[in-house]
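J.: Protein chains in written order, with our numbering: chain A, 1 to 483; chain B, 484 to 587.
Derived from the structure by calculation, the hints contain no laboratory data. Every residue gets a Cβ at the ideal spot worked out from N, C-alpha and C, and that includes glycine. Any given hint might turn out to be false.
What the hints assert, rightly or not - If you anchor each label on the Cβ, the simulated ranges turn out as follows:
1. Ala64(A) - Ala513(B): 45 to 53 Å
2. Gly517(B) - Asn342(A): 47 to 55 Å
3. Lys193(A) - Asp556(B): 50 to 58 Å
4. Val191(A) - Phe539(B): 37 to 45 Å
5. Glu503(B) - Ala449(A): 14 to 22 Å
6. Arg393(A) - Phe527(B): 46 to 54 Å
7. Gly24(A) - Asp556(B): 28 to 36 Å
8. Gly517(B) - Arg82(A): 43 to 51 Å
9. Lys490(B) - Trp157(A): 42 to 50 Å
10. Lys563(B) - Gly14(A): 15 to 23 Å
11. Ala513(B) - Trp297(A): 15 to 23 Å
12. Lys232(A) - Gly542(B): 52 to 60 Å
13. Trp157(A) - Phe539(B): 43 to 51 Å
14. Lys560(B) - Arg82(A): 22 to 30 Å
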Amino acid sequence: MAQKKAAERTSRPGAPHLLWRRDGDRCLVTNDSGHYAWLGLRDFEALMSGGLSDKHPLYGDLAAKGFVRDRLDFEGLAARWRSANSHLASGPGLHILVLTLRCNHKCLYCQSAAAGVGARDTDMSPATARKCVDFAFGSPNPNITIEFQGGEPLLNWDALTAAVLHARARAARAGKDLQLALVSNFSLMTVEKARFLMENEVSICTSLDGPADLHNRNRVYSGGDSHAATVKWLRYFQEKYKRQVPEYRTFKPSALLTVSRCSLGRHKEIVDEYVKLGLEDVFVRPLAPIGYARKYWDRIGYTAADFAKFYLDSLDYILKLNRSGVVIREKMSATMLEKVLNFRDPGYLDARCPCGAAIGQIAYNYNGDLYTCDEGRMVGWDGDDAFRIGNVRKDSYRKVLTGGAARACVLASNLESQPDCARCVYRPYCGVCPVYNYETQGSLWGDMAVNDRCALFKGTFGALFGLLKKPANEAVLRKWVQK
Amino acid sequence: MTKNSDKASVRVDAAVYSGEALRLAAFVFAGRAGIAVKAAGAGFYAVSFSGAAESFSPGDYFNEALNQQCRLDLAKKNAKAAGMIATRALLSAAGEGKTPKKRA
Numbered sequence: 001m002a003q004k005k006a007a008e009r010t011s012r013p014g015a016p017h018l019l020w021r022r023d024g025d026r027c028l029v030t031n032d033s034g035h036y037a038w039l040g041l042r043d044f045e046a047l048m049s050g051g052l053s054d055k056h057p058l059y060g061d062l063a064a065k066g067f068v069r070d071r072l073d074f075e076g077l078a079a080r081w082r083s084a085n086s087h088l089a090s091g092p093g094l095h096i097l098v099l100t101l102r103c104n105h106k107c108l109y110c111q112s113a114a115a116g117v118g119a120r121d122t123d124m125s126p127a128t129a130r131k132c133v134d135f136a137f138g139s140p141n142p143n144i145t146i147e148f149q150g151g152e153p154l155l156n157w158d159a160l161t162a163a164v165l166h167a168r169a170r171a172a173r174a175g176k177d178l179q180l181a182l183v184s185n186f187s188l189m190t191v192e193k194a195r196f197l198m199e200n201e202v203s204i205c206t207s208l209d210g211p212a213d214l215h216n217r218n219r220v221y222s223g224g225d226s227h228a229a230t231v232k233w234l235r236y237f238q239e240k241y242k243r244q245v246p247e248y249r250t251f252k253p254s255a256l257l258t259v260s261r262c263s264l265g266r267h268k269e270i271v272d273e274y275v276k277l278g279l280e281d282v283f284v285r286p287l288a289p290i291g292y293a294r295k296y297w298d299r300i301g302y303t304a305a306d307f308a309k310f311y312l313d314s315l316d317y318i319l320k321l322n323r324s325g326v327v328i329r330e331k332m333s334a335t336m337l338e339k340v341l342n343f344r345d346p347g348y349l350d351a352r353c354p355c356g357a358a359i360g361q362i363a364y365n366y367n368g369d370l371y372t373c374d375e376g377r378m379v380g381w382d383g384d385d386a387f388r389i390g391n392v393r394k395d396s397y398r399k400v401l402t403g404g405a406a407r408a409c410v411l412a413s414n415l416e417s418q419p420d421c422a423r424c425v426y427r428p429y430c431g432v433c434p435v436y437n438y439e440t441q442g443s444l445w446g447d448m449a450v451n452d453r454c455a456l457f458k459g460t461f462g463a464l465f466g467l468l469k470k471p472a473n474e475a476v477l478r479k480w481v482q483k
Numbered sequence: 484m485t486k487n488s489d490k491a492s493v494r495v496d497a498a499v500y501s502g503e504a505l506r507l508a509a510f511v512f513a514g515r516a517g518i519a520v521k522a523a524g525a526g527f528y529a530v531s532f533s534g535a536a537e538s539f540s541p542g543d544y545f546n547e548a549l550n551q552q553c554r555l556d557l558a559k560k561n562a563k564a565a566g567m568i569a570t571r572a573l574l575s576a577a578g579e580g581k582t583p584k585k586r587a
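Chain B with its partners taken away, still in its complex shape (with noise of 0.2 Å):
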């Protein structure tokens, strides 16, 4: 990790979070901290903060991008019976399913 004045940088594993993970938890803490990721030679990115309010800290970012990482392993994992639910119920809701029945 470096650091100067307002601004600091942790360079991280790419085997433990990807990018779509990192940039995905940055939105989360858009208003608390300026964070950007950037690919750091071979297997690394550099995720630095700056501006960042009191109340954020670091160590909740990752927390957050390992969430988002878990997210989407499972997305890719669950895809299919996620996909099927997700698409009856917008369709359905659209008007474009079968007639439900009326309520007993």
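Only chain A is shown next, with the shape it has when bound in the complex (with noise of 0.2 Å):
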């Protein structure tokens, strides 16, 4: 049979569907598949109308890139975006026990919902634990991970151990890759349970707010020094992650910075201190006004233009310390560049799309309630409901997983029905989160052009991006995640 003749053009092909932002005199434009470019106007005008000739410079890179539409290799762009978004495809991996709601410290900005270290009715049995387990690898999901957080989780031993213990033999059952990770403050560490720890090859993270006259402004504890006792289970870990043993694997203990209105202006020690107990990761994130914090906001939070130039300083000073040999990397920024330089999801629920909850992460409330998200966990102890999800002994995994709230976040987390992000230059890079939108704008949608996460979040793409621009700092930003 004869091929079909192909229609003649009656005009020039303009660019194929791309998004756009005007800095200056360029234009950075992105596209589906990841792939970015810097264009000066003319040469942005020329894509955009068709009229870029295949002999200028920039054409063969930007016609690999997915930029013009008579060189478009759909079967590739497709793999690339089929790739970075396989967590569609995935279901939870990331299952968040929330061990026993009690704590033994009085942060100031505490997200977690807190009780009373006597609440011995907040605490998680060793029954629930294992039942939640159980709930865990009910995901389609191979790659399960189990964080355990509280309040204080080393405040509810007995049922730390049953859930370890068994996630261990059902993972070995299951023949699923498990990982387990505790979050705790350390003062209940003793060399017995950092053993257990270890031996069940659970990653260890910590709180640390910097230098500390400003951790124990931030993190009171009754019962001692909070920050002497951070920084002695530290380099406890960090020691025994340098003798590794041949029986399991230790791993490089990790440590979580929360800004608070206390930490603006200290970005310089804040980093130093990460720098001197030798954590290579500092996580630069903002508090975020949901739940407890929510409800003292006016003395602990702070606007997103302080936060952001706090951001931008540490992120400075901390490039500064690169380009003079010292190993640190910002975490927020090296997630963001996880996805633009290399177009890989690096695991951060908070910024995919759709969001992680329900359909990435399910956090499990001591009682076996079980939440789209730990912050949505929040908003249910403020005593809304609205991201509840089920309860392991009463709802089964499917019930749970096409329930209404897990639907709700799912359709209000898509970019492509999201007004704004839909046409944003960062939106193959990016994430809204619903829990944040209904904290703080009353809808799961939120308005965007007026959102304050979405403020950060232009603010840190924007500066990653000029930063790419400088070859000092590209050279520094591409080590962050080069694999």
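Starting from two chains that each stand alone, build the complex the way the hints lay out.
T.: Listed below in structure tokens is the structure:
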């Protein structure tokens, strides 16, 4: 059969679907396959009108990245999109078990809704902990991460050990890859507990808010010096990491920074503290006005502009340290760069599309109640169960994952249906948080034009793309995400 | 706009705001003001506000109504792609897709 003759063009083809933003005399363009390019205004206009000559020095690069309509490699571009979005076919991989609401700290910003040390009725029973593990293994995801949180999870050692042992046994039976993680303030850590955790390959993460005075001001501990306990056990686990034993893998400990109002202006001291303690990542993340923190926002919170300044000052200082040979990364930047430079999913569920609520993570409260995410659980603590998706004892896995809250979060966080986001140049790398929107703007969709989280993300991406234009910075930033 | 004591009413053009967008925006402000949306003749809606909290501004309400209108318009335009992504994510999470691969 004769091949059908291609229709003749009556006009020049314009650019294929792309996203763009003008920045001075340059334009940043991105596309769904995660490619980006900087163009001068004249080149940008030529590209958009289809007038970019194939002799233009940028033509080959732009064509390879999918910005030239007549040179699209559909299969290659689609494969790249599929690979970066493989989480759409995975199911929940992160399972956060809140072993107790009790805590021996009274942190100024506590977002995890801690109860007093005596409130044993907020402990998860070992039986419920095992039930939660069973529920987690109902996920089709072959890679299961179980994170133990609180309150202070070491206050409920029985449930922790029950969950760890049960999870290891379930993983061996199911042939799934299992990662266990503990988030603890270390104040109740002992050598015996540390040994159990290492033998069962539980990775350790703690909170470190900076030098002693700042840390102890944020993280009030009537039982002693919170900073001293943190430093002591960080060093202990680092030592164990260096002296690996053949029986099990010991993980390098990590720390999380929470930026409160007290932290503003102290970025150098905070970063220096991380470097001094041998930590290679500092995660400069903003406090979210969710749950408990929302109530005290006027005392502990700050504006998006205040945080943006703190963030950029920190990043600037970290880059300066890197250029002088110090090994330290800013984790938020590294996460975003993994998307921008490698177009790989770094597993950061807050910046996925759709977000990780229910489809990527599930939070298990002490009583077996299930929430779309830990932020959703905090809203529940505040008396609003909008993000509760079931209970491990009463509801089947399928019922939970097909319930109203899970579906609503997926739909609301799909950037294809978000005004502003759908046309935003950073869309291929970004994600929205329905819980944040709900708490700050009254709806799951929010209004990105006046959304502080959106402003922060845009500011972060803007800063990173700006830094990538400078060769000295680009070399450092690329190193952060080299595999 | 008409006003009496704690009540105010605004007549808006249905060519700009759909009834659905006006009602969705009313839900967002449910805790801050009583908002009622009624048809007011051909091509218009009457939006009335009552018992508003001090922090409430009708301007914020109409901004939200425009936001909802943009969202509804966009949802129509991108329904196919958005629907495929959401369906894939939900079905896979519920265990009804292909078995995903282990991490490398």
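J.: Which hints from the list above does the structure break, by number from lowest to highest?
T.: 4 and 9
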